[in-house]
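> Sequence:
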Amino acid sequence: MYLYRAVDSEGNTIGFSLGKTRDHEATKHFFKKALRSFHVSKPRVITVDKNPAYPMAIGELKKEKKMPVGIQIRQVKYPNNMVEQDHRFIKERVHSMLGLKSFCTAKFILSGIEAMHIIKKGQLAL
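With our numbering applied, the sequence shown covers 387 to 512.
Watch out, some of these pointers could steer you wrong.
As the list claims (entries may be wrong) - BS3-like cross-link-like pairs, simulated, lysine-lysine; straight-line CA separation at most 25 Å:
#, residue 1, residue 2
1, K436, K448
2, K477, K452
3, K418, K449
Simulated from the structure, these hints should not be mistaken for lab results.
Given these sequences and hints, build the entire structure.
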């Protein structure tokens, strides 16, 4: 199971998606979802890890004209810290539960954790 997360430069969660695979199709689906988000303006830079699926998915989205032109793609380890720091709350919860055994359970638990984290960060007022 792979958790995709998008975080803006201020640490606000833009989107998240849980996938069974980490191939370019799953990556492409996540980027489409994140770019459709209502509060997202055109990003200047997208920072990702070294997974080879990212450039392939981004290239396909640019060909389909679903990703704005002129976005800089950074594929390095350390500038990805914003996402990793935001991701630590999920890792902390999942580690204490000794992992997630099924995809269905993971989907519900991670959605709940993300929702509570968004509320805690003040992105959503109740």
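> Next step is simple, just say for each hint if it's right about the structure.
Results for each hint:
1. K436 <-> K448: Holds, because 19 Å separates the two Cα atoms, which is no more than 25 Å.
2. K477 <-> K452: violated (31 Å)
3. K418 <-> K449: Holds, at roughly 13 Å.
Of the hints listed earlier, the one the structure fails to meet is number 2.
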